[in-house]
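Participant: Could you put the whole structure together from the sequences, leaning on the hints where they help?
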Amino acid sequence: MSDDDAGRTGGAPPIDPVTLAVLSGRLEQIADEMDATLFRSAFNPIIAEAHDASHGLYHAATGDTLVQGKQGLPIFVGVMSFAVRAVIAAHDERGIEPLDGDVWVFNDAHLGGTHLNDMRLVRPYFRDGRLFCWLASVGHWHDLGGGVPGNYNPAATDAFMEAVVIPPVRLVRAGEPCPDIRAVLMRNTRLPASAEGDLNGQLGALDLGVRRMDALLDEYGAATVDAALAALADRAEVLMRDAVASLPDGTWEAADFLDNDGIVDEPLPVRVALTVAGDRLTLDFDGTAPRARGPVNIARPTAIATAYVAIKHLFPDLPANAGVMRPVDMRVPDGCLLAADFPAPVGGYTETILRMIDVVFRAMARAAPDRAVANAYGTINALSLAGRRADGSPWVMFSFFGGGHGAAADGDGLNHGNAPISTATIPPVEILEAAYPIAFRQWALRPDSAGAGTHRGGLGATYELEVLGAGATAFLFGERGRHAPKGVAGGGDATRNVFTYDGPDGPAHPPMASKMVGIPLARGGRVRLDTPGGGGHGPAAARDPAAVAGDVAAGYVSPAAADRDYGTIWRSAP
Amino acid sequence: MTRIAGVDVGGTFTDVFLLDEGTGRATVRKVPTSRPDQSEGFLAGLGDGVDGLTTIVHGTTAGTNALLERKGARVGVITTQGFRDVLEMRRRDRPRTWGLRGIFVPVVARPDRLEVPERTLADGTVEVPVDVAAVGTAARALLDAGCTACAVLFVNAYAEPSNEAAAVAAVRAVWPNPHVAASHEILPEIREFERFSTTALNAYLQPELSAYLERLSGALTAGGFGGEFLVVQSNGGVMSAADAGRLPVRTALSGPAAGVIAAAHIATEAGYPDVITGDVGGTSFDVSLVKDGVAAQAAQTSIDFGLVIRAPMTEIATIGAGGGSIAWVDRGGLLNIGPESAGSTPGPAAYGRGNDRPTVTDANVVLGRIDADTPIGDLPRLDADAAGRAIDAHVGTPLGLSREDAAEAILTVANARMAGALRLMSIERGHDPTRFAYMPFGGGGALHACAMLREVGIGRAVVPRHPGVTSALGCVIADMRADQVQTLNVALDRLDEGDLAARVEVQRSVGQARLDAARIPFDGVDLLVELDMAYAGQTHTVAVPVFVLTRAAIADAFDMTYRATFDRLLPGGVRRVMNLRTTVLGRRPRFDLSLLAPVPGASLDGAAKGTRRVHLGGWHDAAVLDRLALPVDAVVPGPAILEQPDTTILVEPGFAARIDRFGNAILERT
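Residue numbers (our numbering), protein chains in the order written: chain A, 1 to 574; chain B, 1001 to 1670.
Hints are supplied without guarantee of correctness; some may be wrong.
[What the hints assert, rightly or not] Derived EDC-like pairs: lysine to aspartate or glutamate, alpha-carbon spacing no greater than 20 Å straight-line:
hint, chain 1, residue 1, chain 2, residue 2
1, A, K70, B, D1093
2, B, K1030, B, E1040
3, B, K1609, B, D1373
4, B, K1291, B, D1479
5, B, K1609, B, D1371
6, A, K70, B, E1428
[Unchecked claim] Now the in silico label distances, taken between C-beta atoms and shown as ranges:
hint, chain 1, residue 1, chain 2, residue 2, range
7, A, A553, B, G1224, 49 to 55 Å
8, A, S393, B, S1302, 19 to 25 Å
9, A, W395, B, S1509, 34 to 40 Å
10, B, R1035, A, R389, 56 to 62 Å
11, A, G25, B, R1429, 36 to 42 Å
12, B, D1556, A, V328, 55 to 61 Å
13, A, A542, B, R1096, 24 to 30 Å
14, B, A1211, A, D207, 42 to 48 Å
15, A, A542, B, T1221, 54 to 60 Å
16, B, S1402, A, E253, 49 to 55 Å
17, B, S1302, A, E176, 32 to 38 Å
18, A, A553, B, R1096, 27 to 33 Å
Calculated directly from the structure, the hints in this document are not laboratory data.
In this text, a Cβ means the ideal position worked out from N, Cα and C, and glycines have one as well.
Facilitator: In structure tokens:
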């Protein structure tokens, strides 16, 4: 499709600043209202409570993000435009034109980023018979077939072992629903009622988006809204160029490692070279490991979206549209861990994108130490326990765990936070214990887990739980068991992730550090996760001795660790 | 005859609404809030003696302020072995989505959180009986450390409280004051962080709040007051001052909730039971939604990051766009309003107190919508030129706009943000905002009312007679409420009907006893029973009102509520009952709002005060009228300004204001 076909106005006419300011808010609100509509109507708590979903408006010709809702998960800011691009490409490949009332659906992560649980719906929005923009909705569905319920399969060596793979297809054609496609979707999930609810909720959100766009264009006219969208992207570009120009010119590198891919026990390097040249930024991931056998690969769209997440954490006031990425060059070698081809397994993508963020932060800290925060705990620690109750009924507990945030130039890191790519909260102990035959023996901060520094990292946590039922089988998919979260600007590293389980001969650790499947646990058997804290910021010697003494008094830092990291001067602090 | 006083103590003003049902006279007073002891202003506001009053109802922000300023007591916590950090770990969230900066300082420091051996399992089994001697030792250690309040926080105490009950008894045996509570006493509901946080914050507020209320109570008694002293809760119901001293955590949104109660009552009486309220304050715009005369309720709130209070409360959404919000142009050339605010100190540039950045109020002053010579409240004359200079420097020059156009731009953007808050609040609750009326209150709300109608497509705005003292009026109106919760967590087909009925009866009698303890008249007492329910495997519940306590009737009620929320049921799903909630509601006599109506003999001519130049797109000569002197059924077409001591109503061209029989000003399109 050409720009002309898309009905857009080419070079944006000037728009008055007041209308621009108003339209900026109105357009954002359309996306926010789409978010709110799905959160309210979704059946599945991953969407309803954890807000694992997102909505936005995308450019008619390019699929670039125009506006994105503020309530969805951070990782979706940036990844959604790839879903739209995949649908635009599907039109080109098949030689078809978008029709008013079409809705496309797919979950192929190699086209749309993230993982196969994220079901993407894309709908062309027409005005006066011409394509004005695209609307899209993504939501994490509970189950889409594959090797294990919930689709988190640490043993997957290709996408087919993870979930059913749906390419971009039309769920609705020119307003006419295609029951065939819906039937395929519903036959490929273990939880069809949940999936029906989520699908209807996403369709409802798109409907609301269409109604809101109609009203907005009635009020302001298509040309004005078009001009506003163009101006907002230009403004984002200006802000980003401004932010980059505030950094010194030069190239800074950082490298880190994933422990392994869960199948082959070899470290996987993730490298970045960050180059600032005037108001342009280049992120070059050359030197990163090739595609892995196990599910720690990510698709190229995920890599680009992750760079956006890292940049927005570094410059939190930047808007959420594609203009931000115009001054950014991304270089990701074909076929590497960060641009793995189909059907490479990507289910553990969270671990890899966290490591990407870590290396970008560290490279940035070398360029501008005040701008970057130290590394956060850097692993999602997906832990699953499954067994049978006394009455024979099966149970499966699945949860992600937290850790410490990195310190910054202006303060210590947060104790026990969530991952930078997410905003999800952790379930309460009492909800987990009421649902499954388990008891937590410890749910506590982990002393000495944070990196030392002028500002200390936040503490990780210790979670220890005991199986009360007849026994269970556990699996863990985590990281940072061999390579600790790093400090920046001279700050110290945090403590590594440690997983311990009751083996036949006493406490044991997985051979691959933080990844293991099929761990047998008898009644009374325990597993324990000691998660990393965040890295420190600035040299430990510069930390206020009174703050060290306070840390020791609170038990965040042991006296021995304080002596080692900070010297003994804290002992004479007031 | 009864004489009732509602007293709302806010950050700047203490508002009093006095109702004498004998003479049919209502009196409104506004005095400065006294600091640090708010009771002085409270008593000054009541003025001419309290001996004739039958009831005094208090809306307070003392609890919220103590939390925001972290000025509560030193609290000690005694908790289950292995769980001392629950309060600090929260639910693994972070202060802001983007940036990864910021920490959380819990209200109880880590050394003041002590563990004791004990454990109850989720099914109520006591796995490890509590070591009472260890509890006593811990309590003495906390006292020695200087703690003045104590919270006992045991895992699964909602399911079986015996360990916690034994422990809290042991603490009370050695603790020298009554500021001791166990989590099952405050909130016997599943989810340990929410229960622990609510209990700990209650302990944090208890010493100061109970002392404040006792001081007030004593002063009132000394002044000859022999009636009942009540406090508004965050859910808009009232409770006795003694209960408030014991449960201060339930007063966190006391004043704002009272305002919404008043709004709901006034709008319903005026014939608009579906209304969205908007309170324009100095730093924020607060929105609430009233459907069928009832304010939307939230299950919990965070007063600040990590300071979670779980208790039923009036839902109030806040955005940073108030009169003091600062307008600025970012480096990308976009005009923004807030979130930074000049507040009331130093305040808008027009106050001349050192702020030279333009605010929403400055824009209203420059455009003549606020009269610089006679501002509301007790402010001195405003400096319109200073407001104009601030707008020129920070908005006009960067955007190439004239002073008036820049001021209009500020209001356009501010109005768009406020309208967005109205829309989002209704969409999130599943409502179409155009089917609602809009009620502005607070000092600044009525300046922006016509703009809200235009922006959101709402049909009419209802401006109450005394919008600046709405919360004090709500104190007089609010019903008495006693709310209780108990987690059941049982599949519906295993629910013991007899046990449920017995639990409801226990909660009802406890609630009734609280009502009886207050010697005030009720028109009637209602019992409301709700069950939080979901399908097995779901963690988000729906609140299901139930009237018949049988499994079959509960199943039907659940299906009806669930279908209304999600448009469908889950075939084959197992229904679960998570919590039982009861409300015992003492309906207080509603006074006749026509007491507030304009006096007979008022006339349009008598209300006229001349004209003023007001900028609305261009300069207009707007009629200026004394709002309180307008007669019933008077119609004032825009452009016009209706003035009164506590607010200014802007009637834009294309709109008209009509005075209804209660003295409300109804703004509608002409």
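Participant: Can the suggested window of 19 to 25 Å be confirmed for the beta-carbon pair S393(A) and S1302(B)?
Facilitator: The hinted range 19 to 25 Å is violated for S393(A) and S1302(B), with Cβ atoms some 37 Å apart.
Participant: Do A553(A) and R1096(B) keep their Cβ atoms within the hinted range of 27 to 33 Å?
Facilitator: The hinted range 27 to 33 Å holds for A553(A) and R1096(B), with Cβ atoms some 29 Å apart.
Participant: With respect to the beta-carbon atoms only, verify the hint that A1211(B) and D207(A) lie 42 to 48 Å apart.
Facilitator: violated (56 Å)
Participant: Does E1040(B) lie within 20 Å of K1030(B) when you go C-alpha to C-alpha?
Facilitator: holds (14 Å)
Participant: Is 32 to 38 Å right for how far apart the beta carbons of S1302(B) and E176(A) are?
Facilitator: Hint violated: Cβ distance 46 Å, outside 32 to 38 Å.
Participant: Quick one, are K1609(B) and D1373(B) close enough, alpha carbons at most 20 Å?
Facilitator: Given pair K1609(B), D1373(B) holds - Cα atoms ~14 Å apart, limit 20 Å.
Participant: Evaluate the given range 49 to 55 Å for the C-beta pair formed by A553(A) and G1224(B).
Facilitator: holds (52 Å)
Participant: Falls inside 36 to 42 Å, the C-beta gap from G25(A) to R1429(B)?
Facilitator: Check failed, 20 Å falls outside 36 to 42 Å.
Participant: Given the hinted pair K70(A) and E1428(B), is their alpha-carbon gap at most 20 Å?
Facilitator: holds (14 Å)
Participant: At the C-beta level, are S1402(B) and E253(A) separated by a distance inside 49 to 55 Å?
Facilitator: Since the Cβ atoms of S1402(B) and E253(A) sit about 52 Å apart, the hinted range of 49 to 55 Å holds.
Participant: Just tell me: holds or violated, for the beta carbon distance of D1556(B) and V328(A) against 55 to 61 Å?
Facilitator: holds (57 Å)
Participant: Take the C-beta atom of R1035(B) and the C-beta atom of R389(A), compute their distance, and say whether it sits inside 56 to 62 Å.
Facilitator: holds (59 Å)
In this structure, the hints that do not hold are numbers 8, 11, 14, 17, in rising order.
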